[in-house]
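Engineer: With the sequences and hints as input, model every part of the structure.
The C-terminal residue of the sequence shown carries number 557 in the working numbering, and the numbering is unbroken.
Be aware that one or more of the hints could be misleading.
[As the list claims (entries may be wrong)] Below, in silico cross-link-like pairs of lysine-lysine (DSSO-like), each with a Cα-Cα straight-line distance of 27 Å or less:
| hint | residue 1 | residue 2 |
| --- | --- | --- |
| 1 | 357 | 343 |
| 2 | 343 | 276 |
| 3 | 343 | 353 |
| 4 | 299 | 276 |
[Claimed, not checked] Computed Cβ-Cβ distance ranges for the label pairs, DEER-style:
| hint | residue 1 | residue 2 | range |
| --- | --- | --- | --- |
| 5 | 260 | 190 | 21 to 29 Å |
| 6 | 221 | 529 | 46 to 54 Å |
| 7 | 418 | 202 | 44 to 52 Å |
| 8 | 529 | 292 | 53 to 61 Å |
Quick caveat, the hints were computed from the structure, so don't treat them as lab data. Note that CB positions come from ideal geometry on N, CA and C, so glycine has one too.
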Amino acid sequence: MVFLSGAAPGDVVEAELTGEGRFERTRALRVVERGGTRVDPPCPIVDCCGGCPVQQISYQAQLAAKEELAADALERIGGFARGSYRLSSILPSPKQFHYRRRARMHRAAQGRWGFARKGAVSVEPVEDCLLFEPLLQDLADAVRAVDLRGATDLGLLAGDSKGTVDLRGDVKGAEKLLALPLVKGVTVAGRALGDPVIVDGPLPNGARLRLRPDTFAQANRSALPLLQSEVASELGESDRVLELFCGSGTLTLPLLRSRSVTAVERAGPSLTLLRRSADEAGLEVRLIAGDAAEVARGYTEPVDAVLLDPPRTGAAEVMPFLNAPRIVYVSCDGPTLARDARLLTERGYRLIRAAPLDLFPQTAHFEIVATFAKRP
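Structural biologist: What follows is the structure, given as structure tokens:
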């Protein structure tokens, strides 16, 4: 099997194959004949930077490929035959470019900042990124103009009018960033300088999501309402919800007032942000600080549904302890979702529906909301 990068469906290309091993990775050396899905990528460094490797594919073809990837992973890894569950059409992102509100850049040669090169461990310097929201680009420009000796990683998070910064490494001069008009606050190894909390606009129930640059945040806020709506819809009439891997409340907050939610997270700063958001809006939520698997194993209170949004590595360690009538699983990785879904079938669950959402245009990544029901 050959994994070919730099091509588009329908292209005729030249590529060099070594013939070694069962799986081989190579890239197109030359496009002999353009396929119907190929477009001219607007980024001048797309061949070097590994940030968005499918810019040469039309957006409609990207969506079709991601929908197929979701079905393939569930069938090949999970054992779910097509037609045995409902695969919804993929929901496109409202923005195809300039959609990222956050980014993490790495130090390249000569002190410049960029992203990992394609197929390499080195860093490609990046000045302008077509995936950045305008404010994120302005924030990156302002911060990179400051001498941040010792910093190896630069985390950026954009709000509505200002942004926040997270620095990693033996950093000197981080406090200088607070003099920048666009910088609201900075975090360095968990230590806060200024006010590093971004507060988003109110949700319909009055709650306002709070984020820090050193905690997880969904990058594509233009598509976030699609994800939140999908989750709420799939929970159906479930009133008592146990949420695992809740973070700072991206999926939790929209559910409050209409449901009784117990939210679990091991990252203390994220739980602190969620508590502030709920309290400010006068919303009730029970928070538990701890490991998701350990909490699930010892949780004895009745629940109607479990909601989980684990990291890319999945939640295999949690699966043996789930017994709710309904499970809504949000995943950013099809193969790990399929693996965990297979574990759920061994626990007596059936996959009802899988709904892919494109939160990452110009990349091969996407989200899937999968819904499972306990067999009678």
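Engineer: State for each hint whether it applies.
Structural biologist: Evaluation of the provided hints:
no. : hint                  : verdict
1   : 357 / 343             : 16 Å, holds
2   : 343 / 276             : 21 Å, holds
3   : 343 / 353             : 23 Å, holds
4   : 299 / 276             : 24 Å, holds
5   : 260 / 190: 21 to 29 Å : 27 Å, holds
6   : 221 / 529: 46 to 54 Å : 51 Å, holds
7   : 418 / 202: 44 to 52 Å : 51 Å, holds
8   : 529 / 292: 53 to 61 Å : 56 Å, holds
The structure shown violates none of the earlier numbered hints.
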